[in-house]
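Line order of the protein sequences matches chains A and B.
For the first sequence, counting from 1, position 513 maps to 513 in the numbering used here; every step adds exactly one.
For the second sequence, counting from 1, position 82 maps to 683 in the numbering used here; every step adds exactly one.
I should point out that these hints are in silico values taken from the structure, not numbers from a laboratory.
It is possible that some hints are incorrect.
[Unchecked claim] Quick look at which bits of chain A chain B covers, simulated, 3 or more residues with Cβ under 8 Å:
| no. | stretch |
| --- | --- |
| 1 | 251-261 |
| 2 | 459-468 |
| 3 | 495-508 |
| 4 | 561-573 |
As the structure is a prediction and not an experimental result, all values here were calculated from the model.
The beta-carbon is built from N, C-alpha and C at its ideal position, and this holds for glycine as well.
Each chain is listed here by its residues.
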Amino acid sequence: MNGWMGKILRVDLGSGKISTERLDPQLARDYLGARGLGTKIMWDEVDPNVDPLSPANKLIFAPGPFSGTFAPSSGRYDVVTKGPLTGTIAASNSGGSFGAELKFAGWDVVILEGKAAKPSYLWICDDAVELRDASHLWGKDVPTTTEMLYGETSEDAKVACIGPAGEKLVLFASVMNEMQRAAGRTGVGAVMGSKNLKAIAVRGTQGVDVADKDAFVAACGEASRKIKEHPVGGTGLRLYGTDVLVNILNSVGGLPTNNFQTGHFPTADKVGGESLAAKQLQRPRGCFACIISCGRGTKVTNPKYKGEGEGPEYETAWGFGPDCGIDDLDAVTKANYWCNELGLDTISMGGTVACAVEMFSKGIITLKDTEGLDLSPGNAEAMVEAVRLTGVGEGFGKKLALGSWRLASIYGHPELSMTAKKQEMPAYEPRAVQGIGLNYATNNRGGCHVRGYTISPEVLGVPVKFDKDATEGKPELVALFQNLTAAIDSSGACLFTTFGIGADDYAAMLSALTGVAYSGDDFIKCGERVWNLERLWNNRAGFTAADDALPPRMTEEPMPTGPSKGSVSRVKEMMPKYYAVRGWDDAGRPTEEKLAELELA
Amino acid sequence: MKVRYFALLRDATGKREEVWTRPAPDVRTLMHDLVARYDEPFAKWVMVGDALAPFVAVLLDGKDVRDRGGLDCSLDGVAEVDIFPPLAGG
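Could you put together the complete structure from these sequences and hints?
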């Protein structure tokens, strides 16, 4: 096969059996790889009603056809499973080099089943695969685990691992690779921990075959040129990183502040990308084959929060910053470092702390409940300590580890959890930006911005400007972005390549790479297929139209202050049109006609 | 009226913000005056001839001019003008 390696690795962690299977070329063509292929395998093999933290759940690591090639910024992979935070299908995407190395080792998919009897790690060296004892690694943080594994396997190995958070089954624990890159959302790290799997180390010596080398070189060259010439992809992200978004979201009144109580934070600039570049940035960082380098190598010298690492990204700076009423960039970055070291999703961590802060400010929880942690709004030290406690499973951290919805429910106020399908909404206010609210509500993994990033047209004006306050055209826009993103996630490409190229460009590269003829419409259709399959999974897991919703604060409480004062999310108004655009019935279920069209019937 | 600059435009102007006292009836006048003051390092990001450059955001008290008249938007009564070069994130 070209583009794909043609092999699936299956590991039964309970029995220790390791086997190789052939990748069905038709499945590869229809689902591409990564998120798509992983979801298809979950659909075929796992009961959607399984307990996510039980041995019956499966954990899948999968790169895409582009991963490991010189397609620009295309080294990504997905971790696919049933997510413990949401109960939905979960596919968490990450960059770095791990995905490419899996391809170099000869694998399109790694399926992990059951549960190991004791802490273990998987060592993959081309075709040689071993399950090894990880008792000496259990309890270690991500950097220590990674360094130790370099010593035990190969200094050239790439390592994906969990930190203490995943071991302790924090419901939003992440899988970290190359120490600083995260498959962050929905608790995929907790699933790995539930299987007693500490890490996967991989080293490969092979290459990815290309069907038409000349055409692939040409298509990749054209794509790279477009990305570099685009003012956003070519310059802005490298200089300021994603954190540059703080100020524009604040200016339009769409920066969720104090747990989404309002959309404007007066001192937001202190935690924005400009401040980050001036005070903490050491160097930009990029992933495998990346030509954009949005990553931030940073350092904090303030003795109170001293540290070095990568980040924060925009959502992280927002979550530990304005969402908690904090404008101390050093504290924000320290919290980010804790998340990377202990293996926590920064968005859900920030959103959960913000929820706790609001409950504390309203007297719903007290110092006794928080075991002495003063979660007053703006208390940066307490916020950082809350993150650390969550990651190590101590004190009030044990309750924060449940995520905001379960935490708030314990104290009788689930309405104060700013989530969709129990996953914390990221850094864009639905009352200020109508389309992103519709995306949150309909997203197959709940509160997620990246899978339907309509902020790009609605706020940034890329590729064209849509009025953020309008509802007209938003169902179509959201569905298109969701479909395209699903295809890109399944290909191994980075979403930031969309600042430069479109479906036709991905299709040209994919066709030349694989030898399978894809048009731009075919590429998007792959994404639509994946989206609908995720929807079917969630329907079988018990999700209904009632779950396509936002917290009542978003739909019933007008924005109290700022440039978007007076607005509410009109997601309920847009939902019927969204279902119609999707080809679903009034209850939000894919129709037989739609399933037949997508070859899912 | 306060004019605020972000990202690359802070380097281009050497400022985060300034109080603008010159007459500026509309966004077009203001932008041309800013280009005249800050020249090429500023102009290359924000204007292409007499038009706003692609992906540039000009907000008048938080409202994007691209949604309501573009460069012809009046500045009458506007307290804050925020100017952003092309940005991305996610």
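Structure-based check of each hint:
no. : hint    : in the structure
1   : 251-261 : holds (count 3)
2   : 459-468 : holds (count 7)
3   : 495-508 : holds (count 3)
4   : 561-573 : holds (count 3)
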